[in-house]
Every structure is written in structure tokens, then in C-alpha cells.
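Residue numbers (this note's numbering): 609 to 1703.
Hint data in this document are derived by calculation from the structure and do not stem from the laboratory. Any given hint could turn out to be false.
[Unchecked claim] Only pairs whose alpha carbons sit at most 30 Å apart, straight line, appear in this in silico DSS-like list of lysine-lysine:
(1) Lys1429 <-> Lys1327
(2) Lys1169 <-> Lys1113
(3) Lys1489 <-> Lys1377
(4) Lys1342 <-> Lys1379
(5) Lys945 <-> Lys1006
(6) Lys1169 <-> Lys895
(7) Lys1327 <-> Lys1379
(8) Lys1377 <-> Lys1358
(9) Lys1379 <-> Lys1489
(10) Lys1342 <-> Lys1327
(11) Lys1407 <-> Lys1327
(12) Lys1493 <-> Lys1512
(13) Lys945 <-> Lys1113
(14) Lys1069 <-> Lys891
(15) Lys1493 <-> Lys1377
(16) Lys1642 <-> Lys1513
(17) Lys1113 <-> Lys1006
(18) Lys1513 <-> Lys1493
(19) Lys1327 <-> Lys1489
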Amino acid sequence: MPTNFTVVPVDARADGGPDEAAAAAEGVQGAEGAEGSEAPGPPEGEPDCQSPGDGNPRENSPFISHTDVDQESFLEGKNMALFEEEMDSNPMVSSLLNNLANYTNLSQGVVEHEEHEEDSKRREVKSPRMGTFIGVYLPCLQNILGVILFLRLTWIVGTAGVLESFLIVSMCCTCTMLTAISMSAIATNGVVPAGGSYYMISRSLGPEFGGAVGLCFYLGTTFAGAMYILGTIEIFLTYISPSAAIIQAETAEGEAAAMLHNMRVYGTCTLALMATVVFVGVKYVNKLALVFLACVVLSILAIYAGVIKTAFDPPDIPVCLLGNRTLSRRGFDVCAKFHAANNGTVPTALWGLFCNTSMPNATCDEYFTQNNLTEIQGIPGVASGVLLDNLWSTYADKGALVERKGSLSVSVPEESRTSGLPYVLTDIMTYFTVLVGIYFPSVTGIMAGSNRSGDLRDAQKSIPTGTILAIVTTSFIYLSCIVLFGACIEGVVLRDKFGEALQGKLVIGMLAWPSPWVIVIGSFFSTCGAGLQSLTGAPRLLQAIARDGIIPFLQVFGHGKANGEPTWALLLTALICETGILIASLDSVAPILSMFFLMCYMFVNLACAVQTLLRTPNWRPRFRYYHWALSFLGMSLCLALMFICSWYYALIAMLIAGCIYKYIEYRGAEKEWGDGIRGLSLNAAHYALLRVEHGPPHTKNWRPQVLVMLSLDEEQRVKHPRLLSLTAQLKAGKGLTIVGSVLEGTYLDKHVEAQRAEENIRSLMGVEKTKGFCQLVVSSNLRDGMSHLIQSAGLGGMKHNTVLMAWPESWKQEDNTFSWKNFVETVRDTTAAQQALLVAKNVDLFPQNQERFSDGDIDVWWVVHDGGLLMLLPFLLRQHKVWRKCRMRIFTVAQVDDNSIQMKKDLQVFLYHLRISAEVEVVEMVESDISAFTYEKTLLMEQRSQMLKQMQLSKTEQEREAQLIHDRNTASHSVVVTRTQAPSTPDKVQMTWTKEKLIAEKYKNKEPGVSGFKDLFSLKPNQSNVRRMHTAVKLNGVVLSRSRGAQLVLLNMPGPPRNRQGDENYMEFLEVLTEGLDRVLLVRGSGREVVTIYS
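Could you put together the complete structure from these sequences and hints?
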């Protein structure tokens, strides 16, 4: 489609005179590919992205290009002032319609790109003038009627019989007719630029299918060139000049091998010659296309004329039979054992071929002795009634004798030798499916019209009409030829593939009138021209694929000569074509290209069926005579024909297409073409979402669907990228992953920052290989934004059930954007929403995806059971390469009244039923009195909280105070470590807040409200807080004693207090609980079971 148009002002054309109108008309610009051209940049001093008045840049329209005309002066005094601020993105209807009316598609002629002009003026686009007959009908006719018709159709009729041949042709023609109907619907659904079938498939099925099928179509076209070249050489060496063979066979058995070697030599030389012609003078190839087409038409007319002539004057073409066996008439002239000479009988040349000497008393072949020689007419004519004899099939093995049904034959007890004798033998084993594969290339070529879509005056009208008429015409020709061949030609002559019984003459040529040479010469030039056309079209198809940029390693083939000729693509095409020529057998190459064409046709039908069933609003073809059932039938028929022709070739072709598809999906450039596969994916997603909406998944189907909470810095970059690494290791691409973040402010003010932040997050997700969705919320405050994400992220049944976030390391700083209040409220939100919560502490120490732990432990501290998530997480982590070699250890805590031995046994049985392998250890926590250290730590915590409330410290003082508490915590941590190694008395601990310090602070700060400091001396710690601190200190000491060297520690996360006054104390408890551990994952379950022992 064209990408750039210049909006031509209506008044400028009316008032400005012809010069201004002409200058404006030069602004209309088209392009062959929507992705390949760029809009001109803005004038100097103006921003790149113009705003329509509300500050938001608009998407560039494909019908508009911004001009250098000053919009303000242009709109001055106009009656459209109400819309003047949006004129840069929303043009006036008159301008838009004027551009659409002047739209002309670039022609795809011989030189696809116009010649470069020295003065860099705009290129002149010639209006295409080709109609339906010249542009579509005749090219399709030329491509469909070809080498198989002249060289193999008579042999197919003789081998399969008239009825089965009729079935073969009917199936293949039905397949192409259904494909043509689907193709017509796609081609008339909007403007089809130059590119034809590849463009239609890729834009309908997406870049993955488009690239795979486009390359298959390219390979099919390339192998078709090899088939046409082999057909040309076969006609030349077999029917025009057999003496031109370079390699001669020494024995009769070596004739077939010598013929293949000659085909390779001559085929390679012909390919080099044709490639040179295409490279140097491709314009002459297209000019000679009508000459080649005339050869095809004259040949077919000669066949019909010959059939009519046989009705009243059959040609005299004798065929020699020995018994019922057909003899090759290359080494003798007289079909008799003896002939009269000098008043006597003399053995003929045929006698010498079957006997050891030419004497009458020589030892001869037994079958030759027992049977008589007879001559029959090879072409008895339409009125002879031979049609009844040719109705049924006569399949045979390789090397079988070609025998006539109904002729007298005396069998011999033991089969005599046949090697070296002048019998006509079958060269390959024949059966129905082989004939289908050999015949199908004769109905290909229906894309010839759509490939010329750029040259047509009205492509949407010409392509359906011309293509369908060409298929109807060729189908009639093929079907009528089958009946006429069966009614005119003897069966043994039909099965004689190379005309050996006719002294090496072309069978169909002997039927033609006025001379066999009309067919021979006509078919020679026809196949030669078809080979040139294939070598011309295939490189351009490859160039179009390369220029789309969907397959990175093909980029080099998008370049060519200065005029756009695809030089490198032509070279690759010649090399691939050479592989087909080295096969050297027309019967072996034909099924290969049948596979690729059938796959291409199958996806054309699939594209039409998908678009029709999806009922997308843009699917409005002008061609009305289509239905999804017809497209589905055509697709099924193509698939069936692929496996009928050759099941192993079909599998290979599908494997090639599948590999290309996966490669494009993995490495290819992302393209958004509005294709049907994307619409199909949306429909499938909609259907699946409706199916999973009814209720929560079963425990066996439960997996963590993670909402990752990311925090951003001032430049909208992610603060903790290792959180995404942990997500990728936990998920391994399975299940739902939503990466969320919150920006503080209003959306109108922050939408640019939000877009930038989303791009940063997506790029980081790509680097960390995190497969999921990004959802960014702009909210007035962080607290509400995180609550909104937890409530509304996801869609329908595809919602998260787990929230992953990082521990707020600097939670004691009140100015921290992610303060402890937000954290605690987020914990409460996840609990209310019945979602699991994972909090990664020291997340920056977590491993990246590229790291590998060669050893180590993943320790699970199972204190309380809240659904089994603690058991499931290590199992999921060990599926990833980072954690694969780590061992899993499970610790559980036993109280005084618990039987620790029985607990260990029960836990081992439980893990066995869960199919999880792990070491089990039960840790006994003996009740002890609350130590003075714990009492003192709790007192310090409450004193600090009360003091900050009473002092109402300034920001600077709060930071200093937080630093003092941090130092105190560090000292406490060292005391805990010391006590773990060698217990000491708690009276050695020195309090940070002393009486002297508080008095000094009191006199230092004279502000009102500090009189309450005296209350701190009489403050007694809350007993509930003392018990909680006792648990945290004891449990931390136990965890440190066993898991200090673990690679990862998973720990039950206690819930926040119901009384919101103790939220700050809750953060202190968690800090004490995890002190001294490198990597900690605090886990809080959702309350539902996520593991089960049942299958």
C-alpha cells in the first residue's frame, strides 16, 4: 500500500493556477511495501511529532504526509477554524478523497524500481493498462498448460486408464478451482500491491505463516524451473536430436543411466544460459512470453485437429507386437522374422536381435520362437472403439513388459531373458498415488494473474474473472484430452512413455496435425519459456520476502542491481534449481514441487476460511461467490493430495515449513499486519477466558500466576531487575506473569513518563526472558495504585493468584517512596484478596538467569501450614538451570509437647506422597525464659516508636535517629551471633538510649511537646510485643545455626497485626527474623491448598 500522500489543498488547485496544481500533484507518492518507505521529516524548527491541540501526538495516517505549508496561514479566514488545531492529523474530507482518487499502484513490470534520476525529482508512475484477458487469463493459461501435457499425459492415460485419469485430473482441477475461489476473495478484499500470492498469504495469516508459505512457494517455483528445464532437455535429446547425447551407453541396460547423465550435463548448461539471460536481458523474457504462449496454443489446436482427422482418415502408424508384447522399433524396420529376397526368404534384422546368429538354424529366444509377430495401428482413430479397452488401469512394476490386452500369446514354461531384447519396458513402478504426484504440477500456475496484480487496470475485477476462466479452460482441455487420447490411441502406445514403439517419436506428436514437429517444436519452446519465467519470478518472490525483514538471514537477498534486479536472489535460485537438475528425472522432481505448491494452496484456503469464520470488520471482499466450507474443503483436499502424492515428501515439506515458522517466531522481526491468525488467537483467547471464568482451578492445576510489583527510580528505570530474574526462574515461561508498577501523579501529566517506563520494563523483560504482560498504573499515590493493581490486574479467569515484591530495605526512612506503611497495607491487601505473597529480601543478591549453582541447599523452614506453597516453590525453582543442582531441605519446628521422631516420619511420608524429594529435619525449640536481650530489644523498639511520635522530629533528625537505630540493630545482630556460638549473660548488652542521652536531647531541643520524654523512663514494653520479639529472636537463631550457608532460605511470613498501631513493630519483627541471611524468600500462602497427594 502507499505510505505517503501529500494533502493537496482544494483552494490552491482552484486559485493557484496550473503551476501550483502541478506542483501539488507531484506530491502524490506511492510505494510497493508499507514497511519499506519512510515519511519525510518535519521542517526545521518544528517538533517531530505534531500535537492535535491536546498535547498528545497522533499516529501518522497512511494517507497523509505533512507538508511545508504554513498551516496557520493556510487556514486563515477559512470557515473550518473550529477544527484547525486537528488539521495536521485529521485532513479535510475533500483532500482525502482527492488523494484516494489519484491513487495509482506501482506496476510490477520487468524493472520493478524506476531508474534513478540525477536531479532527484519525483519518479513518474505509469498507470497500468492491462486488462483481464492479457493480464490474467493468458498468463495463467501459459503457466498451467506445460510440460506434463506434452510429455506425460498420454502415459498417465495409458497407465491409469481413462476413468482413473479422469479422477486424477478432476481432483487436481477441483483443488485449484477451490483455491482460486479463496484467492479471489482475498485478492478482492482491498488493494493487493505488487507481490501477489506471497503478499496475500502473509497479510492474511501473519508473518510466521507468510514467511513459511512464501518460502515454500519460492521453492516450488524454483523446482518448477528445474522441471521445465529437464522437460526441455528430454524433448531435445529424445525427440529432436538423440545423436546429441554426450554420454553413450555401452549396453542396453545402461541406456537409462546414460540418459540421466546427459540430462544433468545439458540441464546444467541450459540453466547457466537461462540464468545469464535473466540477469542480462530480463526484459526480453517478458517480451517473448506471448511467443511462448502462441506455441502452447498452436500445439493444443494441432492436437484437436489431429483428433478430428483420425475420425475419417487415421494415420498409418504401425506398432510391432511379438505375441502380446510391444517391441521397441529402434533397431529394425520390418516387423517379421523373414522377408523375401532373391526368390527366397532371409532372416530380418529382428531375427538377429532374438537369435544368436542371423542364420535360419540359429538358437533363438523361446518366446520369440513360440509366438508370431503382428502389426497393429498405433492410432486407430476416434471411431475405432479402442476407448473401451483403455477405460481401466494397467499398473506395473519397474522393468515390466508393456503388453497388449486381448492379443494371442503363447506362454513359455520359464520366463526367458528380457535384457538386451527389444521389448518396451516400464521405467518406474506405477500406481495411482505416483501418477497424482507426477500430474499435479500441470495444474499449478493459477497464481500467475495475482503475481501481476501491480500491472492490472482493475485487479479486484480481473484476478477472479481471469483466473477462474483460465482454470475452467485448462480443466476442459485436460479432461477432453484424456477422453480423446483414450479414444484415439492404442493402449500399448499410450503406456510407451518415450515412444520407443514409434521409432522414438513423441506419442502426442504422432496424433497432431499437420505434422508431429508442430508439437515437438511447440512443446520445446513452451517448456523453455516456462523455465525462463520461473527463473524470472522466483528471485523476485525471494526478494519480496527478504525486504519484508521477517527472516533475518535472508536480508542479503533483498539487495540487487541499481535498477532493483535481484542479483543475489537469482544466484540462490540457480543453485537450488541445480539440485533439481541433478536429480535428472522429471518423474522424481514433479512430486517435490507438488508438495510445495499444495502447501501454498492449502494456506491460501486456510487464510480465506479463517477470515470468513472470524468475521473481522475489514473482511469485505468484492468477490461474493465464496464460502468458508469451500475453503475448508479446498484446504482438506490439498492436505489429502499431499499425502496421496508422497507421504514422506509431505512430511519433509511440512517439517521445512514448521522449522521456518518457528525460526520466524523466535528470531524474526515482529510485524503487525492485521492478519487472521492474530484474530484467531484473540477469538481463541476469548473462548478460553470464558471457559476458565466459572471458578478457581483445581489443586492439581494450580500454579503460581504471578503479579510482580516493581519499583522505579526518578528516570523510570527498574530498581531491582533481579526480581524479574527470580520470576523467570520460578515460572520458566509457564502460566501467567503480570509485571506491574505504579507512577505517582495524574495520567494527563504522567502519560509520557508512563510510556517510557513501560518501554523500559518491556525491554528488561526481554533481557531477563520473562514472558508475560506489562501493566503500569498512574495513581495519585503509591498506596492506591498498588491496591488497584492487586484488585484489577488480569482479565477474567486469567488473574494472578500470587504477588511477588521486594523487601523495602530502607523502610525506616520516612521519605522513602516505598515506605513501611505501603508495604504492610499491601500485605493486608493480598490477604484480603486471598492471594499468596512472596517477599524477596536482599533481592539484589539473587542469581541472574545466566548463573549456575553447582552445589548448595534450598532450605525451607515450615513453621505453619498455609496451603503447601512452601513445598511447591523449591520444586518449581529446581526446574530452572540456575537451581537445578541445589538440594532441597525441609525444616520444621517441634514444641515441647510434640513427638519430634514421629513428626519426622510423618513429614517424610507426606513428601513421598507429594513426589518431592528432600531432606527432612525436625528442630526442637525448647521453651525458655524470655531473655533480658529480648526484653531490652522490645523496649528499644517501643521507646523509639513513642519518641518519634512525641518529638515530631524534623526530616534530618529522623534520618539521624534511623541511623542510630540501624547501628543499634547491627550491634544486636552481632550479639545474636555471639550468643549462638557461645551463650553469654544478657547483662553485657549496653542500651543505646540512656538516661543521660535523653536528658541531653531534652535540653538541646526546646520545642514544645518534648516534655513527654520523662514518660519514656517509666515505659514498660507490651507483653504481646515481648512474646513476638522472643519468637523472632529464637527462630532467627535456629535458622542461622542451620541455614547460614544455604543458597536460598524460604520462610513462613507472619501476618501483620490486626491493630494497625503496631505496624512499625511488625516490620521490626520481620527484620529480626531474617537478620544474618543472604537470600530470603518470605512466603505467605493464600489460605487454599496448592499441593495434593492425589493423582
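Hint check results:
Of the supplied pair hints, the one linking Lys1429 and Lys1327 holds, its CA atoms being roughly 19 Å apart against a limit of 30 Å. Taking the CA atoms of Lys1169 and Lys1113, the gap is near 45 Å; set against the 30 Å cutoff, the hint is violated. Under the criterion of a C-alpha separation no larger than 30 Å, the hint pairing Lys1489 with Lys1377 is consistent with the structure, at around 13 Å. About 8 Å separates the Cα atoms of Lys1342 and Lys1379, which keeps this hinted pair within 30 Å; it holds.
The hinted pair formed by Lys945 and Lys1006 meets the criterion: a straight-line CA distance of about 29 Å does not exceed 30 Å. For the hint linking Lys1169 to Lys895, the alpha-carbon distance of about 21 Å falls within 30 Å, and the restraint holds. In summary, the hint linking Lys1327 to Lys1379 is supported, as the alpha carbons are separated by about 19 Å, within the 30 Å threshold. Straight-line distance between C-alpha atoms of Lys1377 and Lys1358 comes to about 28 Å, which keeps the hinted pair within the 30 Å bound.
With a C-alpha separation of about 17 Å, the suggested pair Lys1379 and Lys1489 falls inside the 30 Å cut-off, and the hint holds. The straight-line distance between the Cα atoms of Lys1342 and Lys1327 is roughly 25 Å, inside the 30 Å bound, and the hint therefore holds. Between the alpha carbons of Lys1407 and Lys1327 the distance comes to roughly 25 Å, so the proposed pair stays at or under 30 Å and holds. Taken as a hint, the Lys1493 and Lys1512 pair is honoured in the structure, with Cα atoms around 24 Å apart against an allowance of 30 Å.
At roughly 24 Å between alpha-carbon atoms, Lys945 and Lys1113 fall within 30 Å of each other, so this suggested pair holds. Between Lys1069 and Lys891, the direct Cα distance comes to roughly 27 Å. Compliance with the 30 Å bound is thereby established for this hinted pair. Between Lys1493 and Lys1377, the direct Cα distance comes to roughly 21 Å. Compliance with the 30 Å bound is thereby established for this hinted pair. Distance hint between Lys1642 and Lys1513 is fulfilled; the C-alpha atoms sit about 25 Å from each other, no more than 30 Å.
Between Lys1113 and Lys1006 the CA atoms are separated by roughly 22 Å; this keeps the pair inside 30 Å, and the hint holds. With a C-alpha separation of about 26 Å, the suggested pairing of Lys1513 with Lys1493 holds against the 30 Å cut-off. In summary, the hint linking Lys1327 to Lys1489 is supported, as the alpha carbons are separated by about 25 Å, within the 30 Å threshold.
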